[in-house]
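Residue numbers (the working numbering), protein chains in the order written: chain A, 1499 to 2440; chain B, 754 to 896.
Possibly wrong hints are sitting among the right ones.
[What the hints assert, rightly or not] DEER-style ranges, computed between Cβ atoms:
{"no.": "1", "chain 1": "B", "residue 1": "Pro896", "chain 2": "A", "residue 2": "Pro1679", "range": "52 to 60 Å"}
{"no.": "2", "chain 1": "A", "residue 1": "Pro1679", "chain 2": "B", "residue 2": "Arg894", "range": "28 to 36 Å"}
{"no.": "3", "chain 1": "A", "residue 1": "His1615", "chain 2": "B", "residue 2": "Ser884", "range": "24 to 32 Å"}
{"no.": "4", "chain 1": "B", "residue 1": "Pro896", "chain 2": "A", "residue 2": "Asp1600", "range": "38 to 46 Å"}
{"no.": "5", "chain 1": "A", "residue 1": "Pro1679", "chain 2": "B", "residue 2": "Ser884", "range": "44 to 52 Å"}
{"no.": "6", "chain 1": "B", "residue 1": "Pro896", "chain 2": "A", "residue 2": "His1615", "range": "45 to 53 Å"}
[As the list claims (entries may be wrong)] Dumping the calculated DMTMM-like pairs for lysine to aspartate or glutamate here, alpha-carbon to alpha-carbon at most 20 Å:
{"no.": "7", "chain 1": "A", "residue 1": "Lys2043", "chain 2": "A", "residue 2": "Glu2116"}
{"no.": "8", "chain 1": "A", "residue 1": "Lys1588", "chain 2": "B", "residue 2": "Glu821"}
{"no.": "9", "chain 1": "A", "residue 1": "Lys1574", "chain 2": "B", "residue 2": "Glu821"}
{"no.": "10", "chain 1": "B", "residue 1": "Lys854", "chain 2": "A", "residue 2": "Glu2116"}
{"no.": "11", "chain 1": "A", "residue 1": "Lys1588", "chain 2": "B", "residue 2": "Asp863"}
{"no.": "12", "chain 1": "B", "residue 1": "Lys887", "chain 2": "A", "residue 2": "Asp1576"}
Think of the hints as simulated: they come from the structure by calculation, not from any bench. By construction, the Cβ of each residue, glycine as well, lies at the ideal position given by its N, Cα and C atoms.
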Amino acid sequence: MQRNWFGKTIARKLLLAFFLIFIVTYLVTALVVQSAVRTSVTDSELATLSQLADLKLGTLNTKFEQLATDLRAWTKLDVMNDLASGDVDKRVENTLENLQKDYGLKGEIYAFNAAGHLVASSDRQHHMDMLPDAWKPHEKVSFVNKHVNPEDGEEVVALVAPVMAAFSTQYQLGTLVIAYPWSDVMAGLPDQTLLLYQQRAPIKSAPSNPLPDAPSDIENQATLSIMGSTLGTAISNESLFELAHLRGWIQIGKNQYLVNSASENSGLLSGWEVVMLREPEALYQTVHMVILKLALLGLILTLPLIIAIRWSASRLTAPLRQLTQFVSDINDTHDLSKRLTLHSNDEIGILATNFNDMTARLASGTQAHREAEARLRATIDNALDAVVQMNAEGIVTGWNDQATNIFGWTREEAMGHLLHEMIIPVSYRESHVRGMQHYLLSGEGPILNSRIEIRGLHRAGHEFPVELAITTIKVENEYEFSAFIRDITTKKESEALIWKQANFDKVTDLPNRHMFHDRLEQEIKKAHRAGLQMALFFIDLDRFKEINDTLGHDMGDILLMETSRRIRSCVREADTVARLGGDEFTVILSEISAANNIERLAQTILKILAEPFQLGDEVVYISASMGITLYPNDADTVEDLLKNADQAMYVAKNQGRNQCSYFTAALQDAAQERRHITHDLRGALAANQFVVYFQPILNLATGRIHKAEALLRWQHPTRGMIYPDGFILLAEETGLIHEMGDWVFKEAARWVKRWREYAGDFQVSVNVSPIQFLSDELSCETWSAHLREINLAGESMVIEITEGLLLKAAGGVTDKLLKFRDAGIQVAIDDFGTGYSSLSYLKKFDIDYLKIDKSFVDNIETDANDMALSEAIIVMAHKLGLEVIAEGIETAAQHKLLAQAGCNYGQGYLFSKPLPAEEFEALLKVPMQLMAEFVLSGVADD
Amino acid sequence: MFIFILMRLPLLILGFLWATSGQAGGLLVIASPAVPDAAISVKQLADIYSLKKTFWADSTRVVPVNREISSAERDNFSDAVFNLSPEELAEYWNRLNFQGKLPPLVQTSDQAVVGFVRSVPGAIGYVSGDSAPKGVKVLLRLP
Chain A
1499 MQRNWFGKTI
1509 ARKLLLAFFL
1519 IFIVTYLVTA
1529 LVVQSAVRTS
1539 VTDSELATLS
1549 QLADLKLGTL
1559 NTKFEQLATD
1569 LRAWTKLDVM
1579 NDLASGDVDK
1589 RVENTLENLQ
1599 KDYGLKGEIY
1609 AFNAAGHLVA
1619 SSDRQHHMDM
1629 LPDAWKPHEK
1639 VSFVNKHVNP
1649 EDGEEVVALV
1659 APVMAAFSTQ
1669 YQLGTLVIAY
1679 PWSDVMAGLP
1689 DQTLLLYQQR
1699 APIKSAPSNP
1709 LPDAPSDIEN
1719 QATLSIMGST
1729 LGTAISNESL
1739 FELAHLRGWI
1749 QIGKNQYLVN
1759 SASENSGLLS
1769 GWEVVMLREP
1779 EALYQTVHMV
1789 ILKLALLGLI
1799 LTLPLIIAIR
1809 WSASRLTAPL
1819 RQLTQFVSDI
1829 NDTHDLSKRL
1839 TLHSNDEIGI
1849 LATNFNDMTA
1859 RLASGTQAHR
1869 EAEARLRATI
1879 DNALDAVVQM
1889 NAEGIVTGWN
1899 DQATNIFGWT
1909 REEAMGHLLH
1919 EMIIPVSYRE
1929 SHVRGMQHYL
1939 LSGEGPILNS
1949 RIEIRGLHRA
1959 GHEFPVELAI
1969 TTIKVENEYE
1979 FSAFIRDITT
1989 KKESEALIWK
1999 QANFDKVTDL
2009 PNRHMFHDRL
2019 EQEIKKAHRA
2029 GLQMALFFID
2039 LDRFKEINDT
2049 LGHDMGDILL
2059 METSRRIRSC
2069 VREADTVARL
2079 GGDEFTVILS
2089 EISAANNIER
2099 LAQTILKILA
2109 EPFQLGDEVV
2119 YISASMGITL
2129 YPNDADTVED
2139 LLKNADQAMY
2149 VAKNQGRNQC
2159 SYFTAALQDA
2169 AQERRHITHD
2179 LRGALAANQF
2189 VVYFQPILNL
2199 ATGRIHKAEA
2209 LLRWQHPTRG
2219 MIYPDGFILL
2229 AEETGLIHEM
2239 GDWVFKEAAR
2249 WVKRWREYAG
2259 DFQVSVNVSP
2269 IQFLSDELSC
2279 ETWSAHLREI
2289 NLAGESMVIE
2299 ITEGLLLKAA
2309 GGVTDKLLKF
2319 RDAGIQVAID
2329 DFGTGYSSLS
2339 YLKKFDIDYL
2349 KIDKSFVDNI
2359 ETDANDMALS
2369 EAIIVMAHKL
2379 GLEVIAEGIE
2389 TAAQHKLLAQ
2399 AGCNYGQGYL
2409 FSKPLPAEEF
2419 EALLKVPMQL
2429 MAEFVLSGVA
2439 DD
Chain B
754 MFIFILMRLP
764 LLILGFLWAT
774 SGQAGGLLVI
784 ASPAVPDAAI
794 SVKQLADIYS
804 LKKTFWADST
814 RVVPVNREIS
824 SAERDNFSDA
834 VFNLSPEELA
844 EYWNRLNFQG
854 KLPPLVQTSD
864 QAVVGFVRSV
874 PGAIGYVSGD
884 SAPKGVKVLL
894 RLP
């Protein structure tokens, strides 16, 4: 704490300020008072001077008026007639002497005759002969003037009166003059008084003695000299001129004088002026006294004032000092628990209270801050991520436990060292340092505030992947960096695993369908850019299913692995071999140049796959069918290429397997055809292009038409009649199968309802596509509800499903079959015998009919085995409580054999091809007898 | 009172003239040279001094000059012209004086009379002697 006497404490500032204010106020007051006193003294002095001047001028006036009156009386004396005679008898002279004596006159009296000659005087010593021009009376009136007596040079006031003859007013006997000494006039005036006079106009204008028209004439030189001697300084004419009519201050020489005057405007002394001067020293004694008193008063007042101000300022600022001391204490000791007790209810008191509150808050804030810091430290130390802090020089300033865990350096080892030398792999160090410098210079850091994955360096020297987020804060203009680092080794590994699982086949380690799609897409792009050709092989193993079923999945897997190895051995590294699933493989041959290369490679692959496989103890022979398509010749999209290759593969397979087939224009056309048909199919239902045909099913024993199979026909507007083989697959692919299935069922139901009027137990069977059957969209409830709606018994309807459906035995099949049965709808197994024909499911499911496939019926006449199978089926079915329907009976012999074997029903061209509903109805109306004959006749024919 | 005086006046004048006519040595009646008249009669002189004639022929004012009452010239003059004593004449002039008429002014010596007459236009006076003084004109000689 620095202490300085001047102005450092508020008390001293206050003291200084108050004192200054007092001094200034006092000085101003003193000046005003002094000025007022001065003005008042001046005014009163001026008034005094004026009165005095008036008085003096009055006195003079009286004196001269008296003299003039006397003089005029004297001119009237008879003796004055002697002026005409020249006073030869000295009577005038005597008279003048007597008058002077009698009147006690100070000056001399002179008498001049009419010619102006001096005739007599009271002063016998005179030497004056002639009346001076200045004294010549004018207009025969008396006047007074100051003049130098020509007789003796003395300054005089001349009172002049003409002597007029008593006998004639027109006749002037002479002139009588009193020359009154100027000194006597002046003697009656106080010091520093000037008597100014003005020349009478007539005299001034007298041509004989022209005088200047100003008080600066020669006569006034006397005045000037008198005044000069009076004032002790030389006075110029100008000064004199200024003095006239002056009131106030005048500078004469070096001195200032207060001046006032009185003037006479009429009478003898008209134009005379008394000017009173007063020296300032005398004047201002009063003023000086006042100033002195004021100064004394000021001095007397100052001392107690200083004490009072000092006391009050000190008292006023005592709480402030206390506060200051308190704040200093807190600042020195950092003890925020202290509280200031200050009993003051003014602003300082409020300040103290607020300060206490603030201190309390600060204390709690500091405590909270410490706790927060501790919490933060604990949080950071226990964080899952490594938290590493670094300053602008790159030196580690923070290192939590997790950092120790993942980098191997302890906190003690890490702190204070360069971060990049410890945890950043050598290859990244330079870019790290550069990036940091760039950031420090420009404030731009692309990796800041985002999550990035880079490599970290462990103390042991190995690198590992880390995820990193860096934030910066600017503390006191210095950057600090905080990095949150996570060891993502495991994550990376699992990601890689997931990626591999998603993209590679588990069994063969080949790219899977997903990966294949990506690769193919890339290759298409690559080929497109490079303007090169590319080939896609679609390889399907022949008879793989058999091996898998017979030798087991493990062996199947081994086969697949070996297959993949063999295929890969044939192609270049850059080519992609993928397994799409099951026994389907693909090969993408990129950047091919010549077609024969493709052919050769295809043959090589076929050949190598045809070689024996050693599976455990077994040696297995398989073959492959291969479809080949070319980019960009055949197609330019992944989907089309794959479809092309697939189709070509099927062609190869159909042509007898173990060969390759190229995608051709015909296949192209077929594909085109499919697209058109698919398109048309979508509108077919709405356009009423579907028709249901019915093929009669006869009771082989009675020949009666007992049932009918509903068969769908598409009456295409341009292609004509299309059979289900041509569109069912497409309908299944496009999902139209559901709508179509429903429609067929309802149409069949409509007709069976009608036909039951002719035959009460008539049934219609409807084929249900496995796709539809397995789909959630097929609901037995909907169909049975429809039947109820049209008031038709469930037994009127049979659904035909393929045995493959039962094989899958997927969830829901059993339930669905049960529901159909509950609804009274019967179930028939279509195409029985062509598949696996497992007997177990016949027991397992509720089946009503077996339909023996046409392929058996075809051969029963010639092939004993087929006949035996058919018989077995019939027997077995009957044993299980099922009825059997034979399909595709075309000859009477077949009819006969089956009938003999006990087959319940039959259908086929022998009896009738599928018919439109109207024709079928007509057939149904044929009398039973006739029909039976027809049928039985057929049997008989055979 | 005035009427009485006026009634007596001719008598006085006659007696006065009488008394002076016989007297020897004589007086000179002088006047300012500006006076137009070259000579005047006693009768005219008497008119002047009795303040009856106050203007000369040229209309200038007549300014008569007397001697002091105690002088022989005045005594002679009074007798010669008016045949009256100076005291009687003085009484006459006093009475006129009350009426606002100024009596002849007085000079106390012949020189003074001459000086006055010479310097005052229209002035007329009398001095003793036979020879005429300078600067004045003699209008009449009185015995």
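These are the hints, each one checked on the structure:
1. B/Pro896 to A/Pro1679: 52 to 60 Å: 56 Å, holds
2. A/Pro1679 to B/Arg894: 28 to 36 Å: About 53 Å separates the Cβ atoms of A/Pro1679 and B/Arg894, which means 28 to 36 Å is violated.
3. A/His1615 to B/Ser884: 24 to 32 Å: Holds: the Cβ-Cβ distance is about 27 Å, inside 24 to 32 Å.
4. B/Pro896 to A/Asp1600: 38 to 46 Å: The hinted range 38 to 46 Å holds for B/Pro896 and A/Asp1600, with Cβ atoms some 45 Å apart.
5. A/Pro1679 to B/Ser884: 44 to 52 Å: 48 Å, holds
6. B/Pro896 to A/His1615: 45 to 53 Å: 37 Å, violated
7. A/Lys2043 to A/Glu2116: Roughly 16 Å separates the two Cα atoms, so the pair holds.
8. A/Lys1588 to B/Glu821: Holds, at about 15 Å.
9. A/Lys1574 to B/Glu821: 19 Å, holds
10. B/Lys854 to A/Glu2116: 210 Å, violated
11. A/Lys1588 to B/Asp863: 14 Å, holds
12. B/Lys887 to A/Asp1576: 26 Å, violated
This entry does not satisfy hints 2, 6, 10 and 12, going by the numbered hints stated previously.
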